[in-house]
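Student: Respectively, the protein sequence lines represent chains P and U.
So for the first sequence, our numbering puts the first residue at 1; every next one is plus one.
So for the second sequence, our numbering puts the first residue at 1; every next one is plus one.
Mixed in with the good hints, there may be bad ones.
Pairs involving identical chains hold if they fit within one copy or between any two copies, as the list cannot separate such chains.
[Said to hold, decoys possible] Derived EDC-like pairs: lysine to aspartate or glutamate, alpha-carbon spacing no greater than 16 Å straight-line:
1. K478 with E602
2. K507 with E458
3. K595 with D319
4. K595 with D295
5. K440 with D509
6. K587 with E633
7. K504 with E419
8. K437 with E421
9. K202 with E279
10. K172 with D112
11. K510 with D454
Honestly, the hints are just simulated from the structure, not real lab data.
Okay, here's what each chain looks like letter by letter:
2 protein chains.
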Amino acid sequence: MRQFSPVKFNEVKLEGAFWKERLDTVLRTTIPSQHEKLGEYKILESLDLKQPPPPLRFPRNQHNFTVQVFWDSDMGKWIETASYGLSHKRDAKIESQIEAIVDKFEKAQLPDGYLNMWYIGREPDKRWTNIRDNHELYNAGHMLEGAVAYFLATGRRRWLDIMERFIEHIRKTFGPGPSQKPGYCGHEEIELALIKLYHVTKEKKQLDLAVYFINQRGKQPPHYFDQEARARGDDPANYWFKNHEYSQSHQPVREQTKVVGHAVRAMYLYTAMADLAAELQDAALKKACEVLWHDVMATKMYITAGLGPSAHNEGFTHDYDLPNETAYAETCASVALIFWAQRMLHLDLDGQYADVLERALYNGALSGLSRDGKHYFYANPLESIGTAARWDWHTCPCCTMNVARLVGSVGGYFVSHTENEIAFHLYGGISTSAQLKSGKVALREVSNYPWSGDIAIEVNPDAAAEFTVNLRIPSWCKGAKCSVNGKAVPMKKLVNGYLPIKRKWQKGDKIALTLPMQANRIYANPSVNMDIGRVALQRGPLVYCIEEVDNSGGPVQRLKLPRSSSLKIKHRADLFDGVVTLTAKAKAIVHKDWKANLYRTEAPRETLTTLTAIPYYLWSNRGQGSMVVWIPEA
Amino acid sequence: MRQFSPVKFNEVKLEGAFWKERLDTVLRTTIPSQHEKLGEYKILESLDLKQPPPPLRFPRNQHNFTVQVFWDSDMGKWIETASYGLSHKRDAKIESQIEAIVDKFEKAQLPDGYLNMWYIGREPDKRWTNIRDNHELYNAGHMLEGAVAYFLATGRRRWLDIMERFIEHIRKTFGPGPSQKPGYCGHEEIELALIKLYHVTKEKKQLDLAVYFINQRGKQPPHYFDQEARARGDDPANYWFKNHEYSQSHQPVREQTKVVGHAVRAMYLYTAMADLAAELQDAALKKACEVLWHDVMATKMYITAGLGPSAHNEGFTHDYDLPNETAYAETCASVALIFWAQRMLHLDLDGQYADVLERALYNGALSGLSRDGKHYFYANPLESIGTAARWDWHTCPCCTMNVARLVGSVGGYFVSHTENEIAFHLYGGISTSAQLKSGKVALREVSNYPWSGDIAIEVNPDAAAEFTVNLRIPSWCKGAKCSVNGKAVPMKKLVNGYLPIKRKWQKGDKIALTLPMQANRIYANPSVNMDIGRVALQRGPLVYCIEEVDNSGGPVQRLKLPRSSSLKIKHRADLFDGVVTLTAKAKAIVHKDWKANLYRTEAPRETLTTLTAIPYYLWSNRGQGSMVVWIPEA
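Start from the sequences and build out the full structure, keeping to the hints where you can.
Tutor: See the structure below:
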């Protein structure tokens, strides 16, 4: 296995307009406003142990579950996001807000290291009795990710120390010993967090605990969650999901071949599996990841890289079930797909992973965050009749901080390297450097990506040296061209979607890469019956949609795009501080002559019109209205 | 208000092949097999009071509700259906089965007349404490309909006596008096049943009780269901539906202008409202019916006359929300729409009501019963990817007996009359007679309807007399022609969809009516965004669908019907004992060159094929497979 490592996100300076704006918005608006929401929604108050505990703000649902059990994770994720902010720019107010949270967690932590505000505050005698549903280890994972990020941003170790004590407690609690529980969390997350901790502390025991959880998952009989249910006096048959596919624990992970269950749970699991495949050089685990990857890519991914069509299980159903209007496609799932894709990419430098990473980043994930940085989508439908609207918060606010932490650390996805290779995965205007065996190489990539595919890269090694620069040529791109210092590089050298340029690089070497950005029509496999007769538009990495505000004449469901219409690319400086729209001659179905008739034998009349499409991630930033990604093709 | 009355169903002999076959199947198979199912599913056992009561066969759902509370209604409906069978042909075995049920109801009835097996057997102290949810009056209504039908079929009064005692108890319990409850049932039904009782006994008090329930409905504040909830120690805010639209009790009925809530509840209510509008000559009530009729027709009815898109409330959502694959369109709702349409038709002889009655009868209702007479659809989707299948019974078996009682009494929908007018609403081969002021008129209508529109009617008055024969000219028909004794009747005389022929009729007069049955393409209002770019096929009253078994090459979702393709009518003697299919040149999207690609830029290839459509009501009689009503139009 070829092992690439990403350049640290905070060592990547975002200079291009697109990501600079998104990052600035997250730093300036999203992080402070999310702290306010944590206050407003009483999440921070859960740190103040009160007797008796206050009434539930979010009552238990029909499955006897309240979202309040994962409030610890929300605070953990906010600390992580805020720490990414601090990595970019120290901020005394944010730091004091983090410290105030850490103070209270520290005070609440039990002498044995246990730390969970729900159980400590409300059900102290019930801890570790329902890890299928109640997210104790999931919370620990997000708190740990936050602690790692805060340590890396500030060097302060207190929060990490607290979490390490908690992890010690978890290590004592779970394991093969006679007094230990052979369990694992119903919501995967701690596994990937432990690997992050291992990367900081290099302690093998942290990796071992992640391996234990991964290897235990799905072992049976007996199934741990059934054992656990019986132990607390519950009938396993009462489990609302009926089987363990919901938490990907229906089989040992190496035997799993189909992507099932809750989408975010699945993506967090596969991320940890791919991480471990790399750390352990475990070919079987890597193979399992590849099989699962193939399954989701061939049958289960929206064109936006949204995952999980169903609200019922927040997850997967059957192959090719990709309804548009009711698409759940949780923001978190696309964010987590980015994590998984990055891990796969570092196992094999293969453009298929980077293509999906990019697709999720610019579409299904980014759509979750509004232009103003404080409104969100939890579900990301591909069609709306005008009823969908962004939230300023959510009962379960997981997505709000997931998309924010993604943007806060987005620099980490652009460039990776080995000892003697550099790989550019994304473009968008960055400067960074990579430490190769031969010495440090400063890199600067200048572009107006994703609006333009004209890319200039400066390669500046401290001293001239031979190494390889791999440039990703996206699969959406036809006719890419590349030159070094004005001399063409033949594109036939492409390997798995990357153009490797191996040479002796000198200070001041210049790569010119041109990725022509034609507007493409995309069709779905006919097995996706919802999209038959429909076409989606894409330019560069951006999937487009038509929104009512740009298209007069009622709901955009009434527009048809003739196959013969050419797609015109328009740079619009007046819209969203500059975007590229696509326009085309189209047909609009006439409604006004229908009166009160619901049915008639005369075909609807059609008029000629012009259709205007905007990037999908920007929809629902100008009030409510209808929206369509898959446009009927006339 | 012009007042037509239907000819009694058992005085209409079904001689045409279509209805003869359906009725024979119900008599021979459906009625006996449903009695078996009542046994198999322990519904009959609920008549045997056991202490302690046996465990629930169907556990309470998340709303603390079990379908077992309406088992009495299932037995009432089976008795009603079986009695319709007896009206056609006495059968000692069926009669003894009915008598055995009546024996047990009689034995269980309390001294004060109360009769409900759920409450008597399980919660005797809780009767009349939750009529919002627990169906006591609804059950009484179906038991009463059964008692009326059994009395009319056999002249035996015992079951009717039992029910009249129960109704006396209900009359004492509900009303404006200080010791009475000002309530009404959460599931309408008893209102229309009381009117049926009134028609048999002519006692005004039965009509008055129906009027009381109708007039009380939706009065507030306080709302009766809220009062009742508080009285039993329940918080009205816990009501799962959150508001009273579910049971059409959100407003007094005369103020209601939008069709809302549970579809079957709504249709039963409107049926009773229209009944009372006629009985009371109540113009305001009639107006309310007309406003509601317009609302459902303009915005909420599937082309199959299915009603209620949503499984969540088994009912209505927002205007134009008519999803195909997830259509709930409960069989009972289409059956009940037929009841309502018939009442409207008897208020005004207007073809719009008969058109809908016919549409519901031949499509949304009849689809609920299989060819073999013992498999059912509860929900009637307009599209399937192959997962839908008929049931041999249902947890809540309401639809099974609703469609059976409809077929058992279908003769009652063909002909109505006043003192001096006769109206033919449906055709299909019947003989009957109508008692006019001038004397008795024997009528014989000979046709192979709905497969052919060539109709011959013999009018045989006992003595020559002047009266009017009104012939319905369906709105789907263009170019109808009519003659009496060979002499053309000008079609310009058409009034509200009926051709009135007023003349001095003589024995042996012959009407020839030709209703050309072209195959029509039907389009949906563009506000129904699910059907944009799609076309439905209809011939005569039958809506068609394409089913996988008739169309090779995978799911029928991949077929497109060019607008230019002509529809060919084929009489197929080999299929379902003779049906008319529609065929057309079509395009099929090619799937095999897609391999594992989920998306691609190349448009799907298409091949030419022939599409074969069958009547919708016949779908899912040849195993599982995909099905589409609204076909993409190329």
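Student: None of the hints should be skipped; say for each whether it holds.
Tutor: These are the hints, each one checked on the structure:
1. Only between protomers do K478 and E602 lie at most 16 Å apart by alpha-carbon distance; the minimum there is 13 Å, versus 44 Å within a single protomer.
2. Taking the shortest Cα distances, K507 and E458 sit within 16 Å of each other inside one copy (9 Å), while across copies they are farther apart (104 Å).
3. Within a single copy, K595 and D319 get their C-alpha atoms only as close as 40 Å, which misses the 16 Å cut-off; across copies the closest is 14 Å, which meets it.
4. Taking the closest pair of Cα atoms, K595 and D295 come within 16 Å of each other only across two copies (13 Å); inside a single copy the shortest separation is 47 Å, beyond that limit.
5. Proximity of K440 and D509 under a CA criterion of 16 Å is satisfied intra-copy only: 15 Å inside one chain copy versus 107 Å between copies.
6. In this homomeric assembly, K587 and E633 come within 16 Å of each other (Cα to Cα) both inside a single copy, at 10 Å, and across copies, at 15 Å.
7. Taking the closest pair of Cα atoms, K504 and E419 come within 16 Å of each other only inside a single copy of the chain (15 Å); across copies the shortest separation is 107 Å, beyond that limit.
8. In this assembly of identical chains, K437 and E421 lie within 16 Å of each other by CA distance solely inside one copy; the values are 9 Å within and 103 Å between copies.
9. Taking CA atoms no more than 16 Å apart as the test, K202 paired with E279 passes inside one copy only; the shortest distance there is 11 Å, against 87 Å between copies.
10. In the homo-oligomer, the alpha carbons of K172 and D112 lie at most 16 Å apart inside one protomer (10 Å), although the nearest pairing across protomers, at 68 Å, exceeds that limit.
11. Within a single copy, K510 and D454 get their C-alpha atoms as close as 13 Å, which meets the 16 Å cut-off; across copies the closest is 84 Å, which misses it.
Checked against the numbered hints above, the structure breaks none of them.
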